[in-house]
Amino acid sequence: MSLNPLGDFTRLHYKRRKATNILFCSLMVVSTLIVVLALGAVFGYVLYKGLPAFNWPFFTSLPKPVGEVGGGMLNAIVGSLIMVSLGGLIGVPWGILTGVYLSEYGRGKFASTVRFSANMLSSVPSIILGLFVYVILVKPMHRFSALSGSLTLAIIMIPTIARITEELLKLVPNHIREAGLALGLPRWKVTLRIVLRGSFSAIITGVMLAVARVSGETAPLLFTALNNQFLQFRLDQPISSLPVQIYTYAISPFDDWNRQAWAGAYALIVFVFLINLITRVIFKPTVKGLN
Amino acid sequence: MKLFSLILLSLCTQISFAATLINGAGATFPFPLYSKWFSEYQKINSEVQINYQSIGSGGGIRQFSDKTVDFGASDAPMTDEQMQKAGAPVVHIPTVLGAVVAVYNISGVQSGLKLTPEALSAIFLGEIKKWEDPRLTKLNPELKLTGDIIVVHRSDGSGTSAVFTDYLSKVSPAWKEKVGQGTAVNWPVGLGGKGNEGVAGLVKQTPGSIGYVEFVYAEFNNLSYANLKNKTGKFVTPSLASVTSAATASIKAMPEDFRISITNAEGPGAYPLSSFTYLLVWRDTPDAEKGGQLVKFLNWAIKDGQKLASELKYSPLPKSLVAKIEAKIKTLTFGKQKG
Amino acid sequence: MSPSVPIGDVRSLSSGTLINSTKKATKLIRNFTLKRDVHLADKIFFLGLLFTSFLTVILLASIGLFLYLASEKAIAASGWQIIFRSLWDPVRDVYGVLPVLYGTLVSSLLGVIFAVPLSLGIALFTNELAPKKLATIVGFLVELLAAIPSVVYGLWGIFVLVPLLRGSIQPFLIENLGFLPIFTGPAYGVGMFTSGLILALMITPTISSISREVFRAIPHSQREAALALGATRWEMMRLSVLKSAKAGVFGAIILGLGRALGETMAVTMVIGNRAEIVASLFAPAQTMASVIANEYTEATSEIHLSTLAFVGLLLFMVTFLVNSIAHLIISKITKKHTGTF
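Residue numbers (my numbering), protein chains in the order written: chain A, 1 to 291; chain B, 1 to 339; chain C, 1 to 341.
Next up, chain A with everything else stripped away, as it sits in the complex (with noise of 0.2 Å):
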């Protein structure tokens, strides 16, 4: 019984404005809690399941045919390597360029043009750069080819690495440009001596980020590089890679075969997960809004 009705009004409203913060507080936690089991998940049961089969034979032998036990993805691993390094050959200094055009000359319609294109070469979607080399490069070779997947890895690659570059100059202070070209140095040096030597070690942070995405893409080797059960070093012919190996195991009936892919994906997400933490770790003070 109290005298004041406004007064239980206001602690009833008060209770429940209590109750209604608690509430969404925990909501928070619980969806972060969801997304990060969600990554035990999948982290844990890829652990689980491509431990085992994650053995020496593994790295050094090539896949066994239908039917007999063993064999391991040498093949693929080889050809990952390969066409991730030649397709960062030919997109890493493209990228690194365009990056660098458009954080230290990037003014007017031409240089915003240039910077919307590599925002939308970004999202373009993987499978479709894979459909376009098929026609300008596959078809016309007459070959599937571990070129025309490096080039495809290429494209993804280069807006990445643009768009890194030109926000890691931009945060070089100007008035180092300045004191660089009161020396009377050419602005080509201040540019490459100056500017993007200071930015060295960040870009390639930028850069390994970029090589694990590409190490994992899948959609676009299937029409480009297709699969090779054999040791494959020569660039114009047919190349398998980790991703689309284990594509190809996953979907796959018999159980060697399954348990191949969760060995050659556990070795695909440590690969991945180990450049990311590098990155952090190493580079940490430079990584700071890559992503």
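These are computed hints drawn from the structure, not numbers from a lab. Hints are supplied without guarantee of correctness; some may be wrong.
What the hints assert, rightly or not - Pairwise CB distance ranges, derived in the manner of DEER restraints:
1. LEU23(A) / PRO219(C): 26 to 32 Å
2. PRO93(A) / ALA19(B): 33 to 39 Å
3. ILE251(B) / LEU164(C): 21 to 27 Å
4. ILE44(B) / PHE84(C): 52 to 58 Å
5. GLU127(B) / LEU69(C): 40 to 46 Å
To be verified - No farther apart than 20 Å at their CA atoms in a straight line, the calculated lysine to any residue pairs in the SDA-like style are these:
6. LYS332(C) / SER123(A)
7. LYS319(B) / LEU240(B)
8. LYS109(A) / SER324(C)
9. LYS18(A) / ALA130(C)
10. LYS332(C) / GLY108(A)
11. LYS170(A) / SER331(C)
12. LYS243(C) / LEU227(C)
13. LYS290(B) / ALA88(B)
Just so you know, even glycine gets a beta-carbon here, dropped at the ideal spot from N, CA and C.
Based on the hints, put chains B and C in the right spot on chain A.
Quick look at chains B and C alone, frame taken from chain A:
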């Protein structure tokens, strides 16, 4: 460092310095056998390395015609239209015989499901939706059939589908009218799996499902498969013998270019869902070196290769046919166009 | 390097007597800047940069162009109505893109619907609730989620998620909510619903990290004002964070949608691969990306092939549109708050 040199060492031992690299792609139906063949053949003849990717028969025909691969593989022979579009004369080389089996996953039913052509087509038309349908229980009074039927079919262009739909079109007018025959059709019901592997994987994982795969995929996966009623009214279990008997029954009608359908064959022992599977090669392979090696391989495949076939549940070619094919291989040329 | 050593090398300047060296330097600089090759080198450098940047633009344009050229036959055969036809029949060689569009849209929207509350929850948690260290760890974990390759999600989907959905979750939903048309039909396990779940996991990092950036850009005074007026934590977030971040969060969601639309491998592996329009979310379907992945290497007829290229063109245009909208919104927001960009 030690690890690195070890890897390098093992790399070196794995590298085959093959002089000739040949690429092929196509049917998933004979893929287990082909993967065995190409791996064995490389041990015998180390100067050639044949890479085969199972992307489906439709893909085999297409990539072969586009000349992105050196040879194709298909279970369904190319149609006249496809051969015309290929731009140069194509030769079909039968390699082995296979069977398409109706695989199912019904809990408690390990084997012995009997199906008539009518029942099979009704299931795939979506007319029979439940396992307890009288049309099925009447055929299988001793089995306990319950639950929804989940149909699984191929999502890609497939020779297995071509064989299967060819059969259904022959036995069911309704199927012929509504769906038709082809490497890829507009399926009235069901789930799509990519490749024989995909279908087998889906059936294995999905209780209540029925699908169709090449025999070996059922065997390797311990999938149950149905006995089918053939043209003479007998229920036949798919086996090497029943497939060969279908082939022998049809061999008289074998045309010059080997393009033949042997589904719904005559004969009391003939399994009705049997088929040849083919390698597709150019009558004149442009690259002389590749052509030469390919011919060598083909000769090996139709003779020594046949021994590996029965191990993997493929029926070897009938003896009388092997001689015919050998004669055909002799007509193949290579590098002529260039000269 | 050699002609410019005395100028470029600062140490040599500081070594000699000051006046002397200054004089010398001025002279050298004058000589140097007058030399044509400096301008030439700069020009070459600039042209090189310009050229690569130009190539980047050309690359994007040629993707669109080649897709268009490859799909011309399909467009010529059935006109733009190809978009509205709901039949995908390789035997009669008749194709309509509607089922594929439907599958793409439904699975992506499902993904967004699942992902949005999760992402906002994480973004608010890390930005407004959690201590800084915990927030960093959670942020890193969420980024790892983005780093998992698509094919691994697919593998996990096939062997973990699909059996789980088929075995317990879908039958439960069908039993209890079966009166809704979206929860009917047999529990296949694979299908649009499953794809939606996996897509949600894949786009949560995108939406949450951008939302977090947007929240961060909101000045602290705004939060303090709310708290000073006696607002609870949640009221503060609702009134001063979420309200002002509305547009930015919308941009983040659109960006997430763009990613979901084009996702290929994981979706191809769990969607069931069947081009049909069915109301039930548990039904198998086909998306634009998955139909290309499944059929492009093996389509034999010209029209089939050309139609697949057309699907590619459509996907290209849709993601282009969606992403340009997202970028427009997001860049507007960041401009407003920081004054740069």
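Here is how each hint holds up against the structure:
Look at LEU23(A) against PRO219(C): about 27 Å separates their beta carbons, and that is inside 26 to 32 Å. With their beta carbons about 35 Å apart, PRO93(A) and ALA19(B) fall inside the hinted range of 33 to 39 Å. At roughly 51 Å, the beta carbons of ILE251(B) and LEU164(C) sit outside the given window of 21 to 27 Å. Under the hint 52 to 58 Å, the C-beta atoms of ILE44(B) and PHE84(C), about 57 Å apart, fit the expected range.
Taken as a hint, the range 40 to 46 Å holds for the pair GLU127(B) and LEU69(C), whose Cβ atoms sit roughly 44 Å apart. Restraint check: the Cα-Cα separation between LYS332(C) and SER123(A) comes to about 19 Å, which is no more than 20 Å; the hinted pair holds. Taking the CA atoms of LYS319(B) and LEU240(B), the gap is near 15 Å; set against the 20 Å cutoff, the hint holds. A distance of roughly 17 Å separates the Cα atoms of LYS109(A) and SER324(C); the hinted pair therefore holds under the 20 Å criterion.
Note on LYS18(A) and ALA130(C): the hinted pairing holds, with a Cα-Cα distance of about 19 Å set against a maximum of 20 Å. Note on LYS332(C) and GLY108(A): the hinted pairing holds, with a Cα-Cα distance of about 18 Å set against a maximum of 20 Å. Taking the CA atoms of LYS170(A) and SER331(C), the gap is about 16 Å. The hint holds against a cut of 20 Å. Restraint check: the Cα-Cα separation between LYS243(C) and LEU227(C) comes to about 15 Å, which is no more than 20 Å; the hinted pair holds.
Of the supplied pair hints, the one linking LYS290(B) and ALA88(B) holds, its CA atoms being roughly 17 Å apart against a limit of 20 Å.
Going down the numbered hints, you'll see the structure goes against just number 3.
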